[in-house]
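Colleague: Each chain, letter by letter, is given below.
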Amino acid sequence: MQQDKTWGNRIFDFVNHGLLLLIGIVTVIPFIYILAVSFTSPHEVAKGGFILFPKEFSLAAYRYIFSTDTLIRSLGVSVYITVIGTFINLLFTSLMAYPLSRRYLRGRQPILLGVLFTMLFSGGMIPTYFVVKSLHLTDTLWSLMLPTAISAFNLIVLKNFFQAIPDELEDAAKIDGCNDVSVLFRIVLPLSMPAMATFSLFYAVAHWNSFFSAVIYINDSEKWPVQVWLREIVILAQSRIGDTSIEETEIQPLTIRMAVIVFSTIPIMLVYPFLQKHFAKGVMLGSVKG
Amino acid sequence: MKATKKKAVAVLSTLALVTGLLAGCGSDEGQAAEGGVQNVSIAIAQVGDVPSKGNEIQQKIEAYTNTKLDIQWIPASAYNDKINVMIASSDMPKIVKVQYNPTVTSAMRNDVFWEVGPLLKDYKNLSAQNERFFDNIKVEGKIYGVPVFSDIARATVIYRKDWFEKLNLKVPTTPDEWYETIKTLATSDPDGDGQDNTFGLMLFKKYNEDQYSFTTRLGVSFGAPNKWKVEEDGSFTPEFMTPEYMQVLDLLKRLYDEKLLNQDFAVFDSTEAEKKYDSGVVGIRVGVAQNGKSQQERLSKNNPDGVVDIAGLLGPNGDRVAGQTGNSGILAFPKSTVKSEEELKNLLSFLDKLMDPEMATLLMRGMEDKHYTKVGEDQVEMSDFDAFQREVKPYRDNLPYVEGYNVPKLKDTELGEKGTALAKELAEHAVPNPALTLYSPTYGDRGADLDQVIADAQTKYIMGKIDQSGWEKEIENWGNAGGNKIREEYAEDYKKQAQ
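Taken in sequence, the protein lines are chains A and B.
Under this note's numbering, residues 1 to 290 are what the first sequence spells out, in order.
Under this note's numbering, residues 1001 to 1499 are what the second sequence spells out, in order.
Worth flagging that the hints you see were computed from the coordinates, not collected in a lab.
Check before you lean on any hint, since a few could be wrong.
Heads up, simulated EDC-like pairs for lysine to aspartate or glutamate below, C-alpha to C-alpha not over 20 Å straight-line [unchecked claim]:
hint, chain 1, residue 1, chain 2, residue 2
1, B, K1460, B, D1269
2, B, K1053, A, E56
3, B, K1353, B, D1091
4, A, K223, B, D1091
5, B, K1275, A, E222
6, B, K1082, A, D69
7, B, K1229, B, E1489
8, A, K223, B, E1381
9, B, K1275, B, D1250
10, B, K1276, B, D1250
11, A, K223, B, D1081
12, B, K1082, A, E44
13, B, K1060, B, D1269
14, B, K1082, A, D220
15, B, K1183, B, D1081
16, A, K133, B, D1091
17, B, K1206, B, E1381
18, A, K223, B, E1180
19, B, K1276, B, E1381
20, B, K1353, B, D1305
21, B, K1124, A, D69
22, B, K1276, A, E44
23, B, K1339, B, D1070
24, B, K1068, A, D220
25, B, K1301, A, D139
26, B, K1370, B, E1056
27, B, K1345, B, D1176
28, B, K1053, A, E170
29, B, K1166, B, D1070
30, B, K1053, A, E44
31, B, K1409, B, D1445
32, B, K1301, A, D171
33, A, K133, B, E1474
34, B, K1205, B, D1176
What you are looking at is a predicted structure, and each value in this text was computed from that prediction instead of being measured.
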């Protein structure tokens, strides 16, 4: 039964849609700009102006960045630390969050306080470096994954999420013969897919964007993730005008910088649609009756 | 019973996972010299691409110096953090390129690096260079490394010659001339398209920071000190408390008020300003001597008729140009890895050999017939500059070299040759920064913050957000926040070093 909309309703819809469309455009335009510039000839870009569609289509920038295998190799490194790193994150975070979410665990409060403490105080860059070094992790990709295996903030949020799962479910599982580990992997985790999807996204994006620890811990440039190169190419271009000369620093043309941004952003953007379907609500609706 | 078994499996598999993770991390750091070949490990700054291991340039260097190089490239984006970590952990290769900053100088003071001053005289190429280079990296009067040489004074005026001729202008020297020139350039439509779309000068954020500071360079030419002035009685005055420097601020304020300066300069990115210069809508700038040539090249792409020329930024009397550190870093030798003086001497002779004619030519010109070709007796021409930038520049920028020393002349455009000659000439008129190698613990602790306070105040003054009395108040705040203490500490150290 469709009811006739009142004028007020229509105006509201109109304004609403218009506003959302505007916000959408504002969000998308920078991406389009970057994409367009990366495909434009350097000559056209130098003329200035705002480019939303390449007038002179050119692949020169991409030809340049693919002329060595540096970026492709570093992309492989990034994918590796993102996939393996996120897996480690999720595994260890849930292994710690689940016990802490159970009220009958003895000594829960002191441990939680300890976790909280690390959120407020950290060892600092140099002591952390010593830890990583004495574990012989320097110059290995593990140095990018293990020191950040559990994020205290994510741990606490996940713990709270687990707490919302009714104790009755656990009891039922135990009666059916589950032990603690299988309760976690067979009952709790499958029920927590929205949370897992969210945290894997958090973790994955953090791994994808990590560059500082790579510079600090890894000396071998062949093991650098793509962000190190991206930063080098994009940030270096921001150096001082007074002394930027061919004698001083080499500024990459805008087209090349944009091409590198596109190259290093697309893969992580592609992850979003696949995770989005897990953000569905109501997984636990009706699991406990009565 | 089944449950316990399962539990055991779970525990075991977790353990296996953890040990597996830890096992993948062994590394060995074996180093041994074989057959007289010296192992040289070196940490230097990444310049563009990281050259592939075992490339031709590196092979040539290794063959000539009889070394085996192990180069660790550090990205510029985290260079100083990385160096700090390396110093703190004593985890350093045999040669480290460091910058002259408080962390490094305090490490030098604490004997982290070898002192090389007394040894330098034994190396013919290193000792042949201007003493100023070495004076500028002294810490408590001692030299703790080899500078990567760069021009000591390089501030020039780069301007549109075609516009200047058309409007009958000459290169400005006094504040009033600068005002008139910029005004004329901005208002008389020098590009002749009938539109009011040209600028005299383009200012950008960070215009007053560091040794590249536009205001310092201009101020020095007007007679202001280079960052610090030593008074008759040995006390220190910062540049921004001198009337000459105020002339620069007043000039910029006047230009800003009359809308002759880009109004968004406080947030304007230098790369954006660079683009404006390249697209040919701005008439004059202050830059490096060698910049003239590259400016011309980039301008020509957009405006084939545009002509660029350069002139020294030397002021009304033609004799003052702001001096700089004269290095782009210091190659230092950590005591934790260089164990004996014998080894130190070997490393010094490695660096010295890099300035021999054969190596100097390799670093500055590349390889014959690949990067350059001979065009006459002792003169060469770059044949593949892009390849040079990618393959040779990363080495050259990090190792000692001096343009014109032990190297064949470069056939260049007229502007390029003029730039090289001008850079040499400017060095003779350099006004040094007297506080460059002085020690101030307060500056080490809070210098960066204090610099920012006064830089922001200058921007506010130019934009008219504060007036004369507001500006004086900002200086007072700066003094109370630690500025006065820095002045005292500099004066004290200056006295100590003069003795």
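Colleague: Compare the distance between the alpha carbons of B/K1276 and B/D1250 with 20 Å, and conclude whether the hinted pair is satisfied.
Modeller: 24 Å, violated
Colleague: If you draw a straight line from the CA of B/K1276 to the CA of B/E1381, is it 20 Å or shorter?
Modeller: 30 Å, violated
Colleague: Taken at face value, is the distance from the CA of A/D220 to the CA of B/K1068 at most 20 Å?
Modeller: Roughly 17 Å separates the two Cα atoms, so the pair holds.
Colleague: Measure nothing beyond the straight line between the CA atoms of B/K1082 and A/D220; if it is 20 Å or shorter, mark the hint as holding.
Modeller: 13 Å, holds
Colleague: So if I understand the rule, the pair passes when the alpha-carbon distance is 20 Å or less; does B/K1409 with B/D1445 pass?
Modeller: This hinted pair is violated, its Cα atoms lying about 45 Å apart.
Colleague: So if I understand the rule, the pair passes when the alpha-carbon distance is 20 Å or less; does B/K1060 with B/D1269 pass?
Modeller: The given pair, whose Cα atoms are some 41 Å apart, is violated under the 20 Å limit.
Colleague: Please work out if B/K1275 and B/D1250 have their alpha carbons no farther apart than 20 Å.
Modeller: 27 Å, violated
Colleague: Against the 20 Å threshold, does the CA-CA distance of B/K1166 and B/D1070 hold or violate the hint?
Modeller: 56 Å, violated
Colleague: Hey, A/K223 versus B/E1381, does the alpha-carbon distance stay inside 20 Å?
Modeller: Roughly 37 Å between the alpha carbons, so the hint for A/K223 and B/E1381 is violated.
Colleague: Given the hint that A/K133 pairs with B/D1091, does the C-alpha gap stay at or below 20 Å?
Modeller: 10 Å, holds
Colleague: Verify the proposed pairing of B/K1345 with B/D1176, using a straight-line Cα cut of 20 Å.
Modeller: The hint is violated at about 55 Å.
Colleague: Run the distance test for B/K1229 versus B/E1489: straight-line Cα separation, threshold 20 Å.
Modeller: With Cα atoms ~14 Å apart, B/K1229 and B/E1489 stay inside 20 Å; holds.
Violated hints, listed in ascending order, are 2, 3, 5, 6, 8, 9, 10, 12, 13, 15, 17, 18, 19, 20, 21, 25, 27, 28, 29, 30, 31, 32, 33 and 34; each of the other numbered hints is respected by the structure.
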